[in-house]
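There are 2 protein chains.
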Amino acid sequence: MKTLVIVSHPEINNSQTQQFLLQGAKLQDVTWHHVEEISDLDVAQEQVLLRENDRIIFQFPLYWYAAPEGLKHWEDEVLTRNFVYGDGDDNLSDKEFGIVVSTGMPLKEFRRGGSENITIDQIMAPYFAIADRAKMKILPTFTIAQFQYMDEQQQMQLLIDYQRFLTQKYPDTLSNRQAWFEQEFADRFKNFNDTNCTECETVLNTFIQRREDLEQLKNTIDLIKQGEDE
Amino acid sequence: MKTLVIVSHPEINNSQTQQFLLQGAKLQDVTWHHVEEISDLDVAQEQVLLRENDRIIFQFPLYWYAAPEGLKHWEDEVLTRNFVYGDGDDNLSDKEFGIVVSTGMPLKEFRRGGSENITIDQIMAPYFAIADRAKMKILPTFTIAQFQYMDEQQQMQLLIDYQRFLTQKYPDTLSNRQAWFEQEFADRFKNFNDTNCTECETVLNTFIQRREDLEQLKNTIDLIKQGEDE
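Protein chains in written order, with this note's numbering: chain A, 1 to 230; chain B, 1 to 230.
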């Protein structure tokens, strides 16, 4: 599965959040595509990029309940009607669409009665409408609230969750999570081969052993449930 | 009451709809403010303009379920947090906020199950959220669907409804409508003074007479209802 991250931020070098996410994205095999850096937008080329990827992510900070103008410019130029739904080619259908949004407000304000008085899903509805039009599958929005207040552990958790959002198979089930972590461990440990990292192998083997134990446990529970149902 | 119409359209001269609306706006005492024509955005000046007006209208064609990038640029620059809700000055509070949106799709497609599968209100939620944040009063959205298919009579109706949206007192009650039409008649007929337009006066007097008849009728109905309730 190939992932394209379409990032919009007018001052990306000054954004701690975006720089942090960039580090995470670099560890994954994804295409990072910053729209404000495109000096001469080639619509055909952008459309090729969309066609080549299976998961399309819009990533941006929330400015007045929407993406910055840069993403709207990209949308209005690249997403021609024919490309999205007009010519029957179904260029985007069955691809996955997700949003990574950051906000300086606490998440709890995004609800009826909160200071923002609107939910994240309501804010994203216009983007979901594009995805619906293109017959894409919509992923749950990945919201990053108040990155600046996160401690190191929270940031590490964010990094892993973000990486999973970029490349883990959807839906986010236990088995899909396990498969993603196992793959990640194996890939990372390859890099330690020169130094003969025995610890790494122990971690990976322990992980696999635990996963197998869990599967065994699940089977046992299923058998008990079956017995109860009869 | 002073009205500011903030218009966003990247090719306004080629837009039949916008040119038509411009003719209507010219007949009203409103400020027409086309954001794509602003070459050097002066944030302080724009904020003065907002402060000076009582009704703020965003007017734009629907591009991918939102305004064109030009309006987003204006929003992100002009609507500083302090200005909208930060400094306790309540610069915009109790002003009226309305949207005039045009679309090439039939109105019936904007509902669950329609080809757009999203309502106009859902599309506008991010703009309403700004208005809520600024403690503004939200007017019902004025939607223009498929202007290009309207016949002359439908266009005339649109023109009047649009003008009422710009300057008529809210809410859109019978008495507010009557007051608006009476004022419009009087204003327009002044222009005919030189030619001594007796027909104009007859129209105006008939209109006033009908309005008085209607008020009388309403009083009678109220009395009957009162009798029934006792």
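Note that these hints are calculated values from the structure, not bench results. The structure presented is a predicted model; accordingly, all values stated were derived computationally and were not measured. Check before you lean on any hint, since a few could be wrong.
The list cannot tell twin chains apart, which means a pair is met if one copy fits it or any two copies do.
[Claimed, not checked] In the SDA-like style, the derived pairs of lysine to any residue whose C-alpha atoms are separated by at most 25 Å in a straight line are: (1) K135 x D121; (2) K137 x I120; (3) K135 x T119; (4) K225 x W180; (5) K108 x A125; (6) K218 x D29; (7) K2 x K169; (8) K190 x Q16; (9) K218 x N14; (10) K137 x E52; (11) K137 x G114; (12) K135 x E96; (13) K2 x T143; (14) K135 x I120; (15) K225 x F20; (16) K137 x Q122; (17) K169 x G227; (18) K135 x Q122; (19) K169 x V43; (20) K135 x D213; (21) K137 x F207; (22) K225 x E152; (23) K137 x D121; (24) K2 x E109; (25) K26 x E36; (26) K225 x A125; (27) K190 x K225; (28) K137 x Q45; (29) K218 x D76; (30) K225 x E201.
Structure-based check of all given hints:
Taking the shortest alpha-carbon separations for K135 and D121, both the intra-copy value of 18 Å and the inter-copy value of 22 Å come in at or below 25 Å. In this homomeric assembly, K137 and I120 come within 25 Å of each other (Cα to Cα) both inside a single copy, at 18 Å, and across copies, at 22 Å. Proximity of K135 and T119 under a CA criterion of 25 Å is satisfied in both settings, with 23 Å inside one chain copy and 18 Å between copies. In this assembly of identical chains, the alpha carbons of K225 and W180 never lie at most 25 Å apart, being 29 Å within a copy and 72 Å across copies at closest.
In this assembly of identical chains, the alpha carbons of K108 and A125 lie at most 25 Å apart whether taken from the same copy (19 Å) or from different copies (18 Å). In this assembly of identical chains, the alpha carbons of K218 and D29 never lie at most 25 Å apart, being 32 Å within a copy and 73 Å across copies at closest. In this assembly of identical chains, the alpha carbons of K2 and K169 lie at most 25 Å apart only when taken from the same copy (11 Å versus 55 Å across copies). Proximity of K190 and Q16 under a CA criterion of 25 Å is satisfied in neither setting, with 30 Å inside one chain copy and 62 Å between copies.
Taking identical chains as interchangeable, the C-alpha atoms of K218 and N14 are never at most 25 Å apart, the minima being 47 Å within one chain and 65 Å between chains. Taking the closest pair of Cα atoms, K137 and E52 come within 25 Å of each other only inside a single copy of the chain (16 Å); across copies the shortest separation is 46 Å, beyond that limit. For the homomeric pair K137 and G114, the shortest alpha-carbon distance between copies (18 Å) is at most 25 Å, but the shortest distance inside one copy (29 Å) is not. With identical chains, the CA atoms of K135 and E96 are at most 25 Å apart within one copy only, with a shortest distance of 9 Å there and 37 Å across copies.
When the C-alpha separation of K2 and T143 is checked against a cutoff of 25 Å, the pair qualifies only within one copy, where the shortest distance is 22 Å, while the shortest distance between copies is 40 Å. For a Cα distance limit of 25 Å, the shortest separation of K135 from I120 qualifies both inside one copy, at 21 Å, and across copies, at 20 Å. Neither within a single protomer nor between protomers do K225 and F20 lie at most 25 Å apart by alpha-carbon distance, with minima of 45 Å and 69 Å respectively. Taking the shortest alpha-carbon separations for K137 and Q122, both the intra-copy value of 17 Å and the inter-copy value of 20 Å come in at or below 25 Å.
Taking the shortest Cα distances, K169 and G227 never come within 25 Å of each other, neither inside one copy (33 Å) nor across copies (71 Å). Proximity of K135 to Q122 under the C-alpha cut-off of 25 Å is found in both arrangements, the shortest distances being 19 Å within a copy and 19 Å between copies. Proximity of K169 and V43 under a CA criterion of 25 Å is satisfied in neither setting, with 29 Å inside one chain copy and 46 Å between copies. Taking the shortest Cα distances, K135 and D213 never come within 25 Å of each other, neither inside one copy (39 Å) nor across copies (57 Å).
For the homomeric pair K137 and F207, neither the shortest alpha-carbon distance inside one copy (31 Å) nor that between copies (57 Å) is at most 25 Å. With identical chains, the CA atoms of K225 and E152 are never at most 25 Å apart, being 42 Å at best within one copy and 70 Å at best between copies. For the identical chains of this complex, K137 and D121 are neighbours both inside a copy (15 Å) and across copies (23 Å), given an alpha-carbon limit of 25 Å. Taking the closest pair of Cα atoms, K2 and E109 never come within 25 Å of each other, the shortest separation being 34 Å inside a single copy and 33 Å across copies.
Taking the closest pair of Cα atoms, K26 and E36 come within 25 Å of each other only inside a single copy of the chain (19 Å); across copies the shortest separation is 37 Å, beyond that limit. For a Cα distance limit of 25 Å, the shortest separation of K225 from A125 qualifies neither inside one copy, at 40 Å, nor across copies, at 46 Å. Proximity of K190 to K225 under the C-alpha cut-off of 25 Å is found in neither arrangement, the shortest distances being 41 Å within a copy and 86 Å between copies. With identical chains, the CA atoms of K137 and Q45 are at most 25 Å apart within one copy only, with a shortest distance of 23 Å there and 44 Å across copies.
With identical chains, the CA atoms of K218 and D76 are never at most 25 Å apart, being 49 Å at best within one copy and 52 Å at best between copies. Taking the closest pair of Cα atoms, K225 and E201 never come within 25 Å of each other, the shortest separation being 36 Å inside a single copy and 87 Å across copies.
In summary, the structure is inconsistent with hints 4, 6, 8, 9, 15, 17, 19, 20, 21, 22, 24, 26, 27, 29 and 30 from the numbered list given earlier, while agreeing with the others.
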